[in-house]
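Taken in sequence, the protein lines are chains A and B.
Numbering of the first sequence is given in the numbering used here, commencing with residue 702 and proceeding in unit increments.
Numbering of the second sequence is given in the numbering used here, commencing with residue 702 and proceeding in unit increments.
If you're looking for bench data, these hints aren't it; they were derived computationally from the structure.
Beta carbons: idealized from backbone N, C-alpha and C, even for Gly.
Just so you know, not all the hints are guaranteed correct.
Heads up, simulated SDA-like pairs for lysine to any residue below, C-alpha to C-alpha not over 25 Å straight-line [what the hints assert, rightly or not]:
#, chain 1, residue 1, chain 2, residue 2
1, B, Lys1011, B, Ser1033
2, B, Lys805, A, Gly1034
3, B, Lys758, A, Ile722
4, B, Lys807, A, Glu817
5, B, Lys723, A, Ala1022
6, A, Lys774, B, Gln752
7, B, Lys1031, A, Val763
8, B, Lys758, A, Pro1025
9, B, Lys781, A, Lys788
10, B, Lys799, A, Arg866
11, B, Lys1159, B, Asp934
12, B, Lys1114, B, Thr898
13, B, Lys815, A, Glu789
14, A, Lys815, B, Thr898
15, B, Lys1031, A, Lys1083
16, A, Lys788, B, Ala731
17, A, Lys998, B, Asn764
18, A, Lys805, B, Lys799
19, A, Lys815, B, Arg797
20, A, Lys723, B, Ile846
21, A, Lys799, B, Arg1024
22, B, Lys961, A, Pro1047
23, B, Lys1031, B, Gln752
24, A, Lys799, B, Asn764
25, B, Lys998, A, Ala920
26, A, Lys774, B, Asn764
27, A, Lys788, B, Lys815
28, A, Lys788, A, Pro1047
29, A, Lys1038, A, Ala1022
30, A, Lys1038, B, Asp923
31, A, Lys1038, B, Gln752
Away from chain A, derived, C-beta distances all over 10 Å, residues of chain B [stated by the list, open to error]:
#, residue
32, Glu747
33, Glu784
34, Glu1102
2 protein chains.
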Amino acid sequence: MGKQLTSREEDYSKWYNELVIKADLAEHSAVRGCMVIKPHGYGIWEKIQRQLDDMFKETGHVNAYFPLLIPKKLFEAEEKNAEGFAKECAVVTHYRLKTDPSDKTKLIVDPDAKLEEELIIRPTSEAIIWNTYRNWIQSYRDLPILINQWANVMRWEMRTRLFLRTAEFLWQEGHTAHATKQEAVDESRQMLEVYATFAEEYMAMPVIKGVKSPSERFAGADDTYSIEALMQDGKALQAGTSHFLGQNFAKAFDVKYVNKEGKQEYVWATSWGVSTRLMGALIMTHSDDDGLIIPPKLAPIQVVIVPIYKGEEQLNELSEAVRPIMDELKASGISVKYDDSDNRKPGWKFAEYELKGIPLRIAIGPRDLANGTVEIARRDTKEKELVTLENVRSHVIQRLEDIHNNLFARAKKLQEDKTSSVDDYEEFKKVLKEKGGFIFAHWDGTEETEERIKKETKATIRNIPFEGDMTEGKCMVTGKPSARKVLFALAY
Amino acid sequence: MGKQLTSREEDYSKWYNELVIKADLAEHSAVRGCMVIKPHGYGIWEKIQRQLDDMFKETGHVNAYFPLLIPKKLFEAEEKNAEGFAKECAVVTHYRLKTDPSDKTKLIVDPDAKLEEELIIRPTSEAIIWNTYRNWIQSYRDLPILINQWANVMRWEMRTRLFLRTAEFLWQEGHTAHATKQEAVDESRQMLEVYATFAEEYMAMPVIKGVKSPSERFAGADDTYSIEALMQDGKALQAGTSHFLGQNFAKAFDVKYVNKEGKQEYVWATSWGVSTRLMGALIMTHSDDDGLIIPPKLAPIQVVIVPIYKGEEQLNELSEAVRPIMDELKASGISVKYDDSDNRKPGWKFAEYELKGIPLRIAIGPRDLANGTVEIARRDTKEKELVTLENVRSHVIQRLEDIHNNLFARAKKLQEDKTSSVDDYEEFKKVLKEKGGFIFAHWDGTEETEERIKKETKATIRNIPFEGDMTEGKCMVTGKPSARKVLFALAY
């Protein structure tokens, strides 16, 4: 069973699919479009969760849990939201199976156990949550509500891809309620900042923050903000969204509060989420033809130590030398694994940990022991260094930081190299075809033009960035006035 | 809105239901039998999760994630398991809604989107997991597999109660695969020990470990081990189970491995789980007529500080004195909240934090400030002590430990007081009726006798304890030989 991957140049999509499987991150399950997240993949997701959760709590949020199933009637209440998700809902219609009378080894759906009202598996939880908030909110004293939920959701996608688009996925969804519009807008912007900080400082993935065009808004939102990242193949990936929901859900579910002046008002809302899709972004931002590269801060194992030995006696000597290194690294909060398993050769292990993206590998053999050194190899650059035993700790700390910085710089450079600014539609098409990447161009602000560009080129407006070139101009397609250039790309 | 609870003596069941609602732990949702876990309740669950997760990892387990939905055909494969859960399965039959042609504001299930094969929402994941393991296991080198999953599951219960029995609940389920029977038995016993340690050392809840009688086994298991706790009202609660599954799932899903001798063998299995039911156990082990009492190691907030002040100036002075205390406590890993909100009086706050079970409350007013002291009140005993500012940290650390020990001792004493040993069936019925609690009695080991006792008294065999009186005797009902007394009780 060779572990070699198709090269990225040969077929980027194939490389991705192979990498996810071969690096033991995830696999397809027996259920159409649903994945199994394997321990190595889940370990990275746990690090993502833990870090984001800390950041949510630092910004005043608490976690809670709302039901998986949503009664159809509740789901209908916010019309746009319902319309946006109705076509991809898994529907529960019965609550019991029974033995098949014609074959006792089989089960059939019990027709007597039909639900009076169908339940849908949550594609997102605004409906059930706002129906609940109605009872929690009476006065301004009950606001704001700052709640997050870690959960599984289901959207019955027709074409699925591991991590990037699956019927079931894991995510977090924040749902907040506020007394004023400004507070809700500020909240949705704040959470976008949290996502951007997480993307850059933990995933080492540069992102562009901005607001979505109206046609790309979340169903039920007044405004959707996004962070957009650029993958190695020049396609964009929406890595997180934060929605200012206005009073849409408050009105749909009749959620009012009495303000300080004793007047009843509708509550203002936000929601925001990131999902296991981030795993796809992480993979396609950093990895290479030899496998995964995990940014150090999200690596479940940051350092692996491989002894190179013949016979048990040598192994014992090496293990004794390794023990204080392990202790020292663990005491510094570094996660380290010692792989002294005897059913694989060191060369096999080296390739395996490279494939799995472990940031640093330490090799130690009898000659190292005699010299009081170890060999430390970086996953990102493949550079190897001899380090004396007493310097291992400080070297590892430094190199983990270096790797993070190098990964970010590499990704940033790629993003810059693949970012263009064009003024003409023909040029736009040419750049899109030949180079791909992010393309800044003027747009007249209409849905028709946006739709036409999408139809003719498959490129979409990723967002209207908060920062960057704010010069006015003329729409590249219609020549009508444009307030500023917006960000286009082909996207995942 | 009074927060006063029905007393436990008056109506224990009512007290429980009110407490869960009034202490903001959970509430009923719009979906029959499904609960909303509110932030305060979820905060405790997060502490439970974090601690158990650490213990699972220390014993070599890793986390992964398997699909929510299970194809009916897979679910049928292990007959007993299927039979055991078929009657309470939520079934997904369609994957799309569409606009109701007769009313554009409504959605209906799209009959064209009927699934070829129905999917059930997992009531437990053995089926989907063992179907997956088949592809992961070829040789002894691939074993053991030591995986845990944190997930939501659904069992369509007809009579539900918050935390104790809900259609959807949160849990962890470990699923391990082993080369030998002994290794699997050891694993299932080890995980029961982990649960018992957690119950006693973190929940401050004494438990009795043992093996279930065959009729009470998990559907599909060769042996089920359990920890049983005794609630204040004298009823038992099964707080965790660990199953030795033999080769049942390996045979149902054809999971074989090649052993060191090159021979194909079926794999041995275990599974083990605890759920949000533990929240119910926690509540009914410790709480009192004034509200919840949270064991300190699982309290999201361990210490609350309430300033007693008039006017902003006094508040500022107090806040300044409180800041170093907060810093000191946080630096010692203690979670502390400073409640200087101005819309509630101190008395209201005291009652509220009592109701919510915060282990320690620190009150500080101007007179305290002048004397250089604070008042520290314990939730468990209601005792108050004056403590000098410089001693707050050491006092808090000591008292948190004292509270844990006191809660455990109290619960242990209650368990002992409510444990009886009887030799005669009439006496058994009398004790059960008048005193309740755990009752040790001889049983002839047959399902008929067990069933008769259950029918006549509602008492069930909780388990056959690993420890305790091992003397032989005669069954209290039939007079037939009994190897030892077993543990009976009325149970949740």
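Against the structure, the hints:
1. Distance restraint check for lysine 1011/B and serine 1033/B: the Cα-Cα separation of roughly 31 Å exceeds the 25 Å cut-off, and the hinted pair is therefore not satisfied.
2. For the proposed pair lysine 805/B and glycine 1034/A, the alpha carbon gap of about 58 Å is over 25 Å, so the pair is violated.
3. Only pairs whose Cα atoms come within 25 Å are accepted, and lysine 758/B paired with isoleucine 722/A is accepted, the gap being roughly 24 Å.
4. Between lysine 807/B and glutamate 817/A the alpha-carbon distance is near 16 Å, which keeps this suggested pair within the 25 Å criterion.
5. At most 25 Å may separate the alpha-carbon atoms for a hinted pair to count; lysine 723/B and alanine 1022/A exceed this at roughly 57 Å.
6. With a C-alpha separation of about 39 Å, the suggested pair lysine 774/A and glutamine 752/B falls outside the 25 Å cut-off, and the hint is violated.
7. Between lysine 1031/B and valine 763/A, the direct Cα distance comes to roughly 18 Å. Compliance with the 25 Å bound is thereby established for this hinted pair.
8. A threshold of 25 Å between alpha carbons decides the hint, and for lysine 758/B with proline 1025/A the separation of about 22 Å falls inside it, so the pair holds.
9. This hinted pair does not check out: lysine 781/B and lysine 788/A have alpha carbons roughly 36 Å apart, beyond 25 Å.
10. Between lysine 799/B and arginine 866/A the CA atoms are separated by roughly 22 Å; this keeps the pair inside 25 Å, and the hint holds.
11. Using a Cα cut-off of 25 Å, the hinted pair lysine 1159/B and aspartate 934/B holds, with the two alpha carbons roughly 15 Å apart.
12. This hinted pair checks out: lysine 1114/B and threonine 898/B have alpha carbons roughly 18 Å apart, not beyond 25 Å.
13. Annotation: proposed proximity of lysine 815/B to glutamate 789/A holds, straight-line Cα distance about 12 Å (limit 25 Å).
14. With a CA separation close to 43 Å, the supplied pair lysine 815/A and threonine 898/B exceeds the 25 Å bound.
15. Simply put, lysine 1031/B and lysine 1083/A have alpha-carbon atoms about 41 Å apart, too far for the 25 Å limit, and the pair is violated.
16. Among the hinted pairs, lysine 788/A with alanine 731/B is consistent with the structure: their alpha-carbon atoms are about 23 Å apart, no more than 25 Å.
17. Between the alpha carbons of lysine 998/A and asparagine 764/B the distance comes to roughly 19 Å, so the proposed pair stays at or under 25 Å and holds.
18. Note on lysine 805/A and lysine 799/B: the hinted pairing is violated, with a Cα-Cα distance of about 36 Å set against a maximum of 25 Å.
19. Using a Cα cut-off of 25 Å, the hinted pair lysine 815/A and arginine 797/B holds, with the two alpha carbons roughly 17 Å apart.
20. As the CA atoms of lysine 723/A and isoleucine 846/B are separated by approximately 18 Å, the hinted pair is consistent with the 25 Å bound.
21. As the CA atoms of lysine 799/A and arginine 1024/B are separated by approximately 63 Å, the hinted pair breaks the 25 Å bound.
22. Under the criterion of a C-alpha separation no larger than 25 Å, the hint pairing lysine 961/B with proline 1047/A is consistent with the structure, at around 22 Å.
23. Note on lysine 1031/B and glutamine 752/B: the hinted pairing holds, with a Cα-Cα distance of about 19 Å set against a maximum of 25 Å.
24. Only pairs whose Cα atoms come within 25 Å are accepted, and lysine 799/A paired with asparagine 764/B is rejected, the gap being roughly 33 Å.
25. Annotation: proposed proximity of lysine 998/B to alanine 920/A is violated, straight-line Cα distance about 42 Å (limit 25 Å).
26. Note on lysine 774/A and asparagine 764/B: the hinted pairing is violated, with a Cα-Cα distance of about 36 Å set against a maximum of 25 Å.
27. Taking the CA atoms of lysine 788/A and lysine 815/B, the gap is about 13 Å. The hint holds against a cut of 25 Å.
28. Between the alpha carbons of lysine 788/A and proline 1047/A the distance comes to roughly 51 Å, so the proposed pair goes past 25 Å and is violated.
29. With a C-alpha separation of about 14 Å, the suggested pair lysine 1038/A and alanine 1022/A falls inside the 25 Å cut-off, and the hint holds.
30. Proximity of lysine 1038/A to aspartate 923/B is assessed by CA-CA distance (about 35 Å); at most 25 Å being required, the pair is judged violated.
31. Using a Cα cut-off of 25 Å, the hinted pair lysine 1038/A and glutamine 752/B holds, with the two alpha carbons roughly 22 Å apart.
32. For glutamate 747/B, the requirement that its beta carbon stay farther than 10 Å from each beta carbon of chain A is not met, with the minimum near 6 Å.
33. Distance check on glutamate 784/B: its Cβ comes as close as 8 Å (rounded) to a Cβ of chain A, failing to clear the 10 Å threshold; non-interface status is violated.
34. At roughly 25 Å from the closest C-beta of chain A, the C-beta of glutamate 1102/B stays outside 10 Å, upholding its exclusion from the interface.
Checked against the numbered hints listed earlier, the structure breaks hints 1, 2, 5, 6, 9, 14, 15, 18, 21, 24, 25, 26, 28, 30, 32 and 33; every other hint is satisfied.
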